[in-house]
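Novice: Chain residues, written in single-letter form:
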Amino acid sequence: MIEISKLNAWFDDHHVLKDVDISVPANGSFGLVGESGSGKSTVLRTITGLVDDWEGNILVNNKELGTSRDKAFYRLVQMVFQDPFGSLHPRHTIDRILTEPVNIHGLGNSDSRVIEALKQVGLDNSFRFRYPHQLSGGQRQRVAIARALILEPKVLLLDEPTSALDVSIQAEVLNLLSRLRRDLGLTYIMVSHDLAVVAHMCDDIAIMNHGRIVERATAGQLAEGSLEHPYSQQLYKAAGGYDRAVVDSFVDWD
Amino acid sequence: MSNEPLLNVKNLKVTFNTPKGEVNAVRGVSFSLGRERLGIVGESGSGKSQTGRAILGLTAANGRITADELKFHDVDLANLTPKQWRKVRGARISMIMQDPKYSLNPVMTIGDQIIEAYREHHKVNAREARHRAIDMLEAVKIRDPERVFNSYPHEVSGGMGQRVMIAMMLIPEPELIIADEPTSALDVTVQLQVMAILDDLVRDRGMALIFISHDLHLVSSFCDRVLVMYQGHVVEELAASALHEAKHPYTKGLLNCLPKMDGDHSDLPILEREASWAEG
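In order, the protein sequences belong to chains G and X. At position 122 of the first sequence (counting the first as 1) the number is 129 in our numbering, and the numbers step up by one without a gap. At position 153 of the second sequence (counting the first as 1) the number is 149 in our numbering, and the numbers step up by one without a gap.
Isolated chain X (complex conformation) (with noise of 0.2 Å):
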């Protein structure tokens, strides 16, 4: 397995026309991601997720992207045409979104969404597409995958839904998943049961995974390395193992409000904003 970067990103910004102004979600980020897990965390509005879509063109219509690089291997990401997207776009990078529930079509049966995600990349018939989509189901642990195969996205769980959105963005085998927040409107067993899914899965395939959250610890126990947003900056790079030696008092501060099982019912240690945080 090669070192080498899939995605070089360098001074990403996202910038938004609203009727109030210009607004900056993401002011300047540059990473480079190898095969590995990338977690980027950040409180609401701190540009985490729109990172996410501008890498896979996704900002919405009144937003503009500028970078000095954004590169996924040779390609430039910056100046696709739809065409050329539509050739990136799941089948090398694809995106698991927060909440299955708006993610999912709901007048079309789990297995033809399926079906539809793998035969847009592959040429095969729709019997050998059928059997992918089952083994496809079945890799994500779903117990009854023929059963499953045959529902529309009401029928099922949250957390299978969230399984069934894995199952198909991972079918068309992408290098890179970019997950946003996939697990925040789960319970916290199953989001855990889930992650494990993903996990294995990328770990098995060899995929690159850049994980969205908002919580520090979840990203920090499950990715290698952790960048933390805030205000469109990341403000800190972090190995995972080592968020006890965060530096930055954005960082520090986060994790010191959460509150601890120690039986300790003294007021939390509130974050303290500092203007200077937000110029990077």
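With the rest of the complex left out, here is chain G (with noise of 0.2 Å):
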């Protein structure tokens, strides 16, 4: 479904991505994950046509991605971002905020689109004409996602979505993407700087450091802890909790 090889970006003389191949195939689920600075963010910014200076191949259902994106790309792509306060507009409602993609890809039927979309994420129509303040972190985060379902795209880009809530919301979130991704066939690419996420929903996991991917995993390997790159050994460590001793191994990889 999606196919990026030899993809480099750059923040004005900054390269914030080097190199970076990424192959996910139809209904799969790819992890990245990485520290702050690492450029797991950039890749899917890169994907959805927030960076400009970008240089490489990247494929979406065989398609190769220009430097714009027109609207038949937004169909098939769309992203959840991390900050469920940040990325909802604080004086629209939820139907609002739901009708606007319809409206704007002229699909008709907004109505029974925006119901839809909120029983695919749990929400009840009492939400419709609620304020994004008047909802829970994690009830935001669904609405969120319900943006993103509206379009019925095949991929979504995944930016962090429960690094904001807390466990227990984020345990239902998790459970709703996994079901969503069964029942409606998605394919995901999912970033995170946390492990466990990510090897709880991915298949194929990459790990990286300074915009380089420094080592792939399957889920499998991350359960038994099979990683070769010091670096990811010691995020893997880190994950674990804190160990006087542990620490004292960690270097600096700046």
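Keep in mind the hints are simulated off the structure, nothing from the lab. Just so you know, these numbers come straight off a predicted model, no measurement behind them. C-beta: ideal position from N, C-alpha, C; glycine also. Treat the hints with caution; some may be incorrect.
Stated by the list, open to error - One side only, chain X facing chain G, incomplete, derived with CB under 10 Å: (1) N58; (2) I61; (3) T62; (4) G249.
As the list claims (entries may be wrong) - Derived DMTMM-like pairs (lysine to aspartate or glutamate); straight-line CA-CA distance at most 20 Å: (5) G:K78 / G:D90; (6) X:K137 / G:D255; (7) X:K243 / X:D211; (8) X:K9 / X:E39; (9) X:K256 / G:D26; (10) X:K256 / G:E231; (11) X:K243 / X:E275; (12) G:K244 / X:D211; (13) X:K256 / G:D255.
Assembling the complex is the task here: the two chains are given apart, and the hints tell you how they should meet.
Specialist: Here it is, written out as structure tokens:
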């Protein structure tokens, strides 16, 4: 579904992505893990057209992407952002937030589409005419997912979709995302700093550091902890909680 | 080292008056603290931060604190005048906040801020204070303390900023540190490095620590004892090493709903909340 090869990107003189290769089959789920500044979110932002200065090949559904993205692209690929507080318009009702993409794409039938999208993310109709501030963080993230789904895309790009949520709410949203992928045959690329979240959600995982993929692993390999690159080993150990001796073994990677 | 409690909290309640009526953020929390590390864990709205803030008298103006007892040694924290507070805050109890971006003064150099914290409580001359501040920056493992001393907060990274915060809070040598999510804004490896610094300093100086966090695993790997809070109540108290023996369904639910690296993609157990938990 998605084939990325030799992707390089720059922010001014700063080389932020270095020869990134990613391949995700249809209905697959690919995870990108790394710390801040590793470039993991930039990969998603480049696919979706939010980064101008890039080189390389990005194929989505066998179509090569150029410098701009057309409407057809956004019907195929949608993104869900990290912060549900920042990504919903504070003065638009949920109904308006969900209707807007339907109108932009001239799909019509917005009434039944909004009802359907809310149902898909497990929100009942009483949420439809509320404002974002009247919702909890988890409910807001469900609305953000509904907004992405309303165009019936085949690919969702998920940028830390649960890192602003409490762990009990995170579990609900992760289950929702798993169910949607199964039921709707979606393809995911998920970005997270949390190795366990990615291990749980994805089949194939890439670990990034300073704009480069340093290691690839399957969920099975991650479960066994069989990572080879010292950076990924360090990340794996850090996920195990506080241990004074482990901290002393850490190396700075900047 | 005596094991006599430093801090006694009995039936602490924090209530806020809001336009929508009273909000009971903390509803009867009791614990005592010796020279140990106590973790307070809970989700958003559990009252964990408000508990920490009430101890330091930092509850917002629309809030009201009541307690049967709120004592630090023999100081009654519930009835201090602002002048008396100034002798306690910083000097004897201090607090490390979550985000160094908001808790450091952006228009003052790091060195001047640390010196200010020190001279507020110790009568020393400028040279001596500077010397102490540089030593303290070294103690929090900042490699180039002279450079950082002369830098402004925006010129250092998040992990470095949090080390500066720790330096500033520890330099007056308080007996009790309250750390409210001190590392949640940091990357996981940096987070652990900052915790190691806190760990060493608290241990070497024999301080007591209250570590407030949403992360049950992290807290239990770091503290001696853990209080689990839910809707203003402590629902369970555990020895940190006995986390797997947790009995309360809320604690168990919190542990179970975490994704694990076991290669299992099946649905995560959902935490089913029961109304009775909120009654303590």
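Novice: Confirm or reject each hint.
Specialist: Right, here's what the structure says about each hint:
1. Here the hint on N58 of chain X is broken, as its CB sits about 19 Å from the closest CB of chain G, past 10 Å.
2. A least Cβ separation of about 26 Å between I61 of chain X and chain G goes past the 10 Å threshold, and the interface hint is therefore violated.
3. A least Cβ separation of about 28 Å between T62 of chain X and chain G goes past the 10 Å threshold, and the interface hint is therefore violated.
4. For G249 of chain X, the interface hint holds, the least distance from its beta-carbon to any beta-carbon of chain G being 7 Å, beneath 10 Å.
5. With a C-alpha separation of about 25 Å, the suggested pair K78 of chain G and D90 of chain G falls outside the 20 Å cut-off, and the hint is violated.
6. At most 20 Å may separate the alpha-carbon atoms for a hinted pair to count; K137 of chain X and D255 of chain G meet this at roughly 12 Å.
7. Using a Cα cut-off of 20 Å, the hinted pair K243 of chain X and D211 of chain X holds, with the two alpha carbons roughly 18 Å apart.
8. In summary, the hint linking K9 of chain X to E39 of chain X is supported, as the alpha carbons are separated by about 18 Å, within the 20 Å threshold.
9. The suggested pairing of K256 of chain X with D26 of chain G is violated, with an alpha-carbon distance near 30 Å, which exceeds 20 Å.
10. As the CA atoms of K256 of chain X and E231 of chain G are separated by approximately 12 Å, the hinted pair is consistent with the 20 Å bound.
11. A hinted pair counts as satisfied when its Cα atoms are at most 20 Å apart, and K243 of chain X with E275 of chain X qualifies at roughly 17 Å.
12. Under the criterion of a C-alpha separation no larger than 20 Å, the hint pairing K244 of chain G with D211 of chain X is consistent with the structure, at around 17 Å.
13. Straight-line distance between C-alpha atoms of K256 of chain X and D255 of chain G comes to about 25 Å, which puts the hinted pair past the 20 Å bound.
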